[in-house]
Amino acid sequence: MKEAIQNLGKKTVGVVNYAGGAAILFVKTIFWIPVPPFFARQTVQQMVKAGVNSLPIASLTSFFIGVVMAFQSAYQMHKVGAEIYIPSLVSISMTREIAPILTALVVAGRVGASIAAELGSMKVTEQIDALEALATNPVKYLVVPRFLALFIMLPVLTVYADVIGIFGGYLVSVYKLGLTHSIYIKMSFDPLVQKDIFTGLFKTLIFACIISTISCFEGMKVEGGAEGVGAATTRAVVVSFILVIAADALCTMVFYFIT
Amino acid sequence: MIEAKKVYKSFNDRLVLNELSLSIQKGETLVIIGRSGCGKSVFLKHVIGIIKPDQGEILIDGINVSKLSSRDINRFRMRFGMVFQGSALFDSLAVGENVGFGLIEHTKLSRKAIAARVEESLELVGLKGIQDLKPSELSGGMKKRVAIARAICIKPEILLYDEPTTGLDPIMADAINDLIIEMHDKLKITSLVVTHDMTSAYKIGSRIAMMYQGQIVQAGAPDEIRNTQNPVVRQFITGSARGPITDIAFKSLKDVERG
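Line by line, the protein sequences give chains A and B. Residue 1 is where the first sequence starts when you use my numbering, and the numbers rise one by one after that. Residue 1001 is where the second sequence starts when you use my numbering, and the numbers rise one by one after that.
Distance condition first, Cα-Cα at most 27 Å in a straight line; then the derived DSS-like pairs of lysine-lysine:
1. K221(A) with K1067(B)
2. K1052(B) with K1155(B)
3. K1006(B) with K1052(B)
4. K123(A) with K1155(B)
5. K1134(B) with K49(A)
6. K1203(B) with K1186(B)
7. K1128(B) with K1108(B)
8. K1026(B) with K1052(B)
9. K1143(B) with K1112(B)
10. K123(A) with K11(A)
11. K1026(B) with K1188(B)
12. K28(A) with K49(A)
13. K221(A) with K1045(B)
14. K1067(B) with K123(A)
15. K123(A) with K1134(B)
16. K1052(B) with K28(A)
17. K123(A) with K1045(B)
18. K1005(B) with K1052(B)
19. K186(A) with K176(A)
20. K1186(B) with K1112(B)
21. K28(A) with K221(A)
22. K1143(B) with K221(A)
23. K1134(B) with K1108(B)
24. K1045(B) with K28(A)
25. K49(A) with K123(A)
26. K1108(B) with K1188(B)
27. K1155(B) with K1026(B)
28. K1026(B) with K1006(B)
29. K1052(B) with K221(A)
30. K1052(B) with K123(A)
31. K1143(B) with K1045(B)
32. K28(A) with K1067(B)
33. K1203(B) with K1026(B)
34. K1143(B) with K123(A)
35. K1203(B) with K1128(B)
36. K1143(B) with K1155(B)
37. K1143(B) with K1128(B)
38. K1006(B) with K1067(B)
What the hints contain is simulated information worked out from the structure, not anything from laboratory work. Small disclaimer: the values here were computed from a predicted structure and weren't measured.
All chains should be modelled from the sequences, with the hints used to inform the complete structure.
As structure tokens, then:
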């Protein structure tokens, strides 16, 4: 019993330490963003890595989800003769929920893992110490460009995923379910209001903060060589996934009550 | 002048530096010897302010390193060049960018002037014309020499070397020793070298200090160390498996086994 309480205490201290460490890194990142020098080249490089290079996987996943949503909703709508509402269902679900969360999870898996592994390798090979020895703040040089890249590119990727997902629904609805091109466009975009797009995009900014902070935090606290890098990469993805989904639930609740 | 006064440092309840006191005169090459894991590299990182002591102070020309603000410490670090054990070259940058990193990030020198300084530094270490290669394309010895070029490129007043000859073949190790002597003679800089390679220590050191159990147990000219009667230093410099260092380690192991 005593051992169980001790373990619980240790775990709690561990979680509090972790949360505190990540929060401190987040605050430091925000602090260093407006302070010169601005590492524009590094930020653009990271935007290409995080955004442009994630386009194929973000496109594929949102396209297939759009197709699946159209088919799945057709299965139910057909019973009540309401197939005409399939485009609205696809477009609203995509912009409000599916595209933001799906893109965030894809980016957490692809980019978050890569950030944790890269910074972790730099840590174990003393490259981060070398940066400090060369009078360069590692948070400013390494974390800020990655944070900004995700903060800018995740909403862009999400808009792109919205369009591709709706296009997936279009292909199914027009070529398989018999809706016309003009009906699909009208029923997709008429019920879509600014709020749907805004709430979806607002969430992506929070997701971007979570993914970049957790991945950089995990990378920069790696210890113990290759094994440590592997463990940090796994933790970065798992913690990002959990926090993104939790933040999504929280945002959805907040938006439900305030709008 | 570098002065360490009663420095203590622990990691996870393990005391690494235990009331360590040491002074290094301007222009001398002091070699710190000691077993792996005895805290030599930790001390080096204290000198440049990457690690802060739990107690005690490190003074560089009377300035307490651990009391400097983050802005001042970066300006202060431009007085140092550091060569890391594993070279710690930034693998995302080419050799030229690595060598010129400090100048690119912290000076207003023109690209042309930086390129000239990079070339000059690489020439000093005998590696002219490799600016465009990536660190992954270099051998271990070349990496070490590029790391030395990076350290001297900013024209530091103090050079810190962490195990400069570890992992190199004897011929390459001797070439690095010659290079360290050459750097000292040509640039008249203060050097602090951490090593457990006695051939290297005798060759490059104007003074040698032995670190044991987080303290300096003896410091003196190479000949004093060579002829020492101190049993701990004697065991280390002769590389004997039996003696006070291993007896204590063996006794501790037995104590652990007995519980």
